[in-house]
Every structure is written in structure tokens, then in C-alpha cells.
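**Q** The primary structure of each chain is shown beneath.
Number of protein chains: 2
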Amino acid sequence: LHQAFFESDTKVLNIFMAGTGLIGSTLLKQIQEQRNYLQQEYNIDFRIIGLANSRKMLFKENGIAIDNWREELENSPTPSDIHSFVKQMNEINLTNSVFVDNSASAAVANTYDEILRASISIVTPNKIANSGSYEQYIRNRRLAKRHGVVMLYETNVGAGLPVISTLRDLINSGDKIIRIEAVLSGTLSYIFNTFDGSVPFSEVVKDAKQKGYTEPDPREDLSCKDVGRKILILARECGYSMEFEDITINGFLPQPCLDAPTVDEFFNVLATYDGHFEQMRRHAAEKGEKLRCIARFEGGKATISLDSVGQEHPFASLSGSDNIIAFTTARYPERPMVVKGSGAGAEVTAAGVFADLIRIANYLS
Amino acid sequence: LHQAFFESDTKVLNIFMAGTGLIGSTLLKQIQEQRNYLQQEYNIDFRIIGLANSRKMLFKENGIAIDNWREELENSPTPSDIHSFVKQMNEINLTNSVFVDNSASAAVANTYDEILRASISIVTPNKIANSGSYEQYIRNRRLAKRHGVVMLYETNVGAGLPVISTLRDLINSGDKIIRIEAVLSGTLSYIFNTFDGSVPFSEVVKDAKQKGYTEPDPREDLSCKDVGRKILILARECGYSMEFEDITINGFLPQPCLDAPTVDEFFNVLATYDGHFEQMRRHAAEKGEKLRCIARFEGGKATISLDSVGQEHPFASLSGSDNIIAFTTARYPERPMVVKGSGAGAEVTAAGVFADLIRIANYLS
Chain A
1 LHQAFFESDT KVLNIFMAGT GLIGSTLLKQ IQEQRNYLQQ EYNIDFRIIG LANSRKMLFK
61 ENGIAIDNWR EELENSPTPS DIHSFVKQMN EINLTNSVFV DNSASAAVAN TYDEILRASI
121 SIVTPNKIAN SGSYEQYIRN RRLAKRHGVV MLYETNVGAG LPVISTLRDL INSGDKIIRI
181 EAVLSGTLSY IFNTFDGSVP FSEVVKDAKQ KGYTEPDPRE DLSCKDVGRK ILILARECGY
241 SMEFEDITIN GFLPQPCLDA PTVDEFFNVL ATYDGHFEQM RRHAAEKGEK LRCIARFEGG
301 KATISLDSVG QEHPFASLSG SDNIIAFTTA RYPERPMVVK GSGAGAEVTA AGVFADLIRI
361 ANYLS
Chain B
1 LHQAFFESDT KVLNIFMAGT GLIGSTLLKQ IQEQRNYLQQ EYNIDFRIIG LANSRKMLFK
61 ENGIAIDNWR EELENSPTPS DIHSFVKQMN EINLTNSVFV DNSASAAVAN TYDEILRASI
121 SIVTPNKIAN SGSYEQYIRN RRLAKRHGVV MLYETNVGAG LPVISTLRDL INSGDKIIRI
181 EAVLSGTLSY IFNTFDGSVP FSEVVKDAKQ KGYTEPDPRE DLSCKDVGRK ILILARECGY
241 SMEFEDITIN GFLPQPCLDA PTVDEFFNVL ATYDGHFEQM RRHAAEKGEK LRCIARFEGG
301 KATISLDSVG QEHPFASLSG SDNIIAFTTA RYPERPMVVK GSGAGAEVTA AGVFADLIRI
361 ANYLS
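Residue numbers (our numbering), protein chains in the order written: chain A, 1 to 365; chain B, 1 to 365.
Errors might be hidden in some of the hints.
For identical chains, the list gives no copy identity; a pair is met inside one copy or between any two copies.
Stated by the list, open to error - Straight line, CA to CA, 30 Å or less: simulated BS3-like cross-link-like pairs of lysine-lysine: (1) K176 - K211; (2) K145 - K176; (3) K11 - K176; (4) K176 - K301; (5) K29 - K56; (6) K127 - K176; (7) K176 - K29; (8) K145 - K87; (9) K287 - K301; (10) K209 - K225; (11) K287 - K206; (12) K29 - K209.
Hints are computed from structural coordinates only; laboratory data are not their basis.
Take the sequences, apply the hints, and build the full model.
**A** See the structure below:
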């Protein structure tokens, strides 16, 4: 067989990376640390050919020195522009190219079409393309298929936890998804796992913000918008042509909190509702229950609500900022398949992106 | 890029399958049901080129009719012989060939060397090659690498649960495994989850056997040998050159049970120990604890023992025949990453084998 003739050949994955913030820089550090191991174990070599952040961009067809990328990028004379980055990547035209989008930018997500059309695979933790219009979601999928490349985004849900790949394996092998039940926000998980009555609710939220667990405006998390994007992606992976507006979000944040014009004012307003949240908590505690923000997908309908669950419920024992995802399926009908663990943070997210890259590299011929 | 020229091409995976028992026939049924879906979604086509059970074997270079394989195989004039099966597969010499071993046979596992040397990938639920000598384990791995093919065996541990792929993703991306704690036997899980004092221990085991949850000789399960093979594979995936003899199995089955010459006599002897097991159970229950057979791997040492765990332990709430695997790592240091769900049965095992096949097909160029 013809592969045997190349048996000593190293398989090179050519990486073009946009975004060198917390996730991007952590990923570069992880690649640097694992390079020798992956070469030895799998004959694969990662080369960083293009690198861009919001200020500068840089290309080196022989590879950017990964232990010196920060300085090389800083010293690049080329100002950053995502369109010329993609254009130049396509022109360099290396086989086995992968575009890694570590940004949270819609402008970058909007270039995916062009990238896939150039037969370049995409790996990204950026949720924007998958949680925008269904039309964009399905277009990307079809382009990848038509051009023989892949688009991997395991970290869109649960960071480094095996969620999307597991769901895909179930569906591809013919299992039928009956129900998905999940805690999908590390932020909300932390807040409700910590809220035990010893400290007012608004202080728990403030503490979460100070620890860097929330978005700059915590209402992004508390409004369940981020959870909505994640359950939307899972629903779409199940084959449903659903839009964000189709999700029923039973929000728990009182309207005046949402209306507050600044984050500081939001915290002032939230403090006036500390009694309201404490009452909810105590009401649950009296029944031996706990508050958990749960996303559900069943029978084509996605809902998110703040529920009170008993000790026997598997989500009651959640702690820290853990996520949990339970798949009830035709083949796991009585007791779901469950994946649990930290669902946020740069290390685990970068590791999930890295694992997607290794998956592509491993199957290069 | 050159892939673009083949954009409408279907990627064909040529399958050679040994073993058409419960797992093999379920896998063939699943492939038949999913064929159109996979063609539509991913442009991949599964062809069954060779098929063998313990009696007959059959080859058709254009593909065996998957809705009629049983009759076609039965009507084949060729008696089964694994060596001539492998020889013929190698001679047919189709690109993108995969050998699927659905047997539990050492004779089949011993052909892997020859198959990998012919640059043919292997997918198997058969644990024998991976849990035999370390020399065989590492030789298969190196042959696969040298010949540019893969050997996938997700179903060796936890059936269809994402265990080995998850562990590999962690290790490949540079995470350090601190500890693995797991209930790895669906049989022992069922027995100890069911043993609540209402029925004697020997009756619980008998019931498990009647339900088909145990090996024909339940001592294969109760001796923790099967669990030993699974924790051994996980330890090896972590990079340890460990042998089965290196595992500390703190067996819970009294010696006279192991010495009984037949299965019937074993049950008679086991019944004389019902008081012993009930005492263990009651002793645990009085402390609010439950008996669980737990496999652990930490600091290069693998141990298996029947432990008594408190309600706060994540394994206490296990039910049915569920497996649970908890990975404590450098990146999941305080709360482990956990995978839980049914770890046995033909449907979930075949689905896991199928998912491995789809993984290979998806990355064909």
C-alpha cells in the first residue's frame, strides 16, 4: 500500500492563528511544551506560519519561532487586518493548513466561508459562527464537507470537556437523542454552588466578578445569554434548524437589574434584590433542595431556567465552577451518559483547542 | 489546494470484519441503518469487503450486501481461518482498509502485527492485545505509527463511553494525570448497586448471571481480572510500561469460591459466605456507606479493592450497571473530570466501535 513508502515522513500541520490573548498565548505555550512529545509519539509537527492579534500580524513560511513568538509578532511591521491575513494565508497555499480562531470576534468568524472555500480546516473556541444564524451554521458545515476539510469547535461547549465530540459520536453511530440536561455556565455554576446564605447574593456575584469568573458585565452571564448560545449549538448538532430566538429563557434577573445603565449601577440595583434571592434560596433549602441554572433540550425545544433540585438529582452535588452535561438517548435510556468537570478557564480551553488540532494532525496522510 | 478537485468524491472505507456474534451483528445493523445518513452528511461510504465468523469467511471486492450478510456468509463455501483471512485481506490491497476485530480471541489479536505491517488500520473492542504483554502493546503502537495507520480501541474501557479518547486528548495536549479512580465493571457495578440486604449476596450474583450481565463463569468478573485488564490499559495509555502482574488486586472473593471446580459448585460455596458479605454490607451501611469495587491508578501504581464509600463520594450514587471514570489532572486538580454511564451491552459497545470507524473515515483524504 502506498502509505508504507512514506513511513518515516513527518506529518506537518501548518497553523495560522488569529488571537493571542489568554487562550491564544496559553495554546502557544502548550504547543511549545508538547512539540517533541508529539513528534516522537505520532510523527506530527506543528508549525506556526501566521500569527495575528488586534495590533500586528506576521507570516513566516518556514515557521515562527514558537519560543519567541511574542517578540517576533511585536516587531512585525505589518498592522493587523483580518481580511489581508486570510488573503495571505490562502495565497501561501500550504497543504495541511489549519486556521485557529482564538478571538471572540464576529469579524473573524465572518471570514470562515472564505477560509473553508480555500480548503483550509478551522479549529476555534469562538462561539459566534455556530450560535449566529442557522443559515451561517449550516453554510459553514456544508462548505467544509464540499471542500474536504473539517471545522472543529469542541471548546464551544464545556471548554475542554468532551461534549460535542461525544454528542457527534452518538448521533453519527445512529443513537437518538431523547434529552440533554446541562449546567453549561461555569459562572452560574460557581455563583449558585457558592450561594449558601452566608453572604448576600449580590456579594457572591461581586466576588465571582473579582475572581475573573464573569464577563466584564456579569449580566452577560446572569441573563443566560451565554448558556443560550451553548444549548443552541447542542440543539443544532442534534440536527435541529433552530435560531437563538427559539430558545425559551426563563430569566431570573429582575428587569431593573437588566435596565441599569452601568455595571456599577447594576450592582446597586442587584443589592436591593438580595432579599428576593435569599428567599428563593431558603425556600429551596427548606425542601432540602438547591438552586441550579439548568439548560434542557428535548423534543425540539430548548429551555433555560433556574430550578430547585433535590439531593437525589445528579446536579445537586455540583461544586466549584463545574459544568455537567447529561445525554439521555435511545441507547442510554434510563440513566444518561454524563460528562462533568471544569467548564471554563484558559488552560482547559486551550487544551481543548489543542486536542482538536492534534486530531486533525493525526489523520493527515 | 489539491483537495478541492475531489470535492464531490465519496470517501470509501473498506471494512474487513472478524466476529459476527452479538457485537459484530449489532455493528452491521448499525452500519446498515446509518449508511445513507453518513453518505449525505460526510460523503463517506462504508463497504464490507471481508467477513468472517468462527465457521465461514467471505470476500467480495465490490462489497457484501449489508442487508443480507448473514445469508451470504452462511452460503460461502470457504471455511473460516484467520490467517488466510488476513492474508487475503492484504492481497486484495485496497487503500483505506480497516480491520475490525469483534472477537474476544487471542488468535485474532495475534494477527495485528501482520495487519499493521500491511498498512491497514485496526478498530477493536477486543482487549487481549492491549492487556497482554507490554511488549505486544507497544509493538502494535509502534507498527501503527511506522506504517501511517491507526489502532483504535475506545470500547476496551467503558464500552461506548468516551474514556480512552478523553485520556489521550488530556495527555497529548500536555496535561499530567495525577490520579484515575473508576468503577470499570458493569457487572460488579450492578451487583454492588443492587446488593441492599433484601436478597443474599449469592442470589444477587445468580440474578446478574441470569440477566446476562456476567461472564459464563461469574468469577471472571468477581475476581476483578476484567477490571484489572481495563486499569492496565489506562495505565499504559498514561505511558507506564506496566504488566498485569504489577497490579495490586485486593480480591474480595474467599479462596474456596475460587477453588470450586465448576460454576454450580462455586454458587454453592458462595452461598456459605452470604453471612460474610451481609456483614460487610451492614458494617458499611451503619456508617452511611456503600460497597463499591474501585480501580485506582496513581503514582505509577494500580490497585483494585472493594471499598466502603460515604454518601459524599461521587461513586456512592452509582446505579444500574453504570461505569464511572474520574480523571484528576494538573488541569483538573481539585475536582476531577468525570465520565459516567452504561459501560456494557452490545448496542453501546457496537456504537463505540462504529464511532471509531467513522473517525477514521472522516479524515480520509
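**Q** Report the numbers of all earlier hints that the structure fails to satisfy, in ascending order.
**A** none
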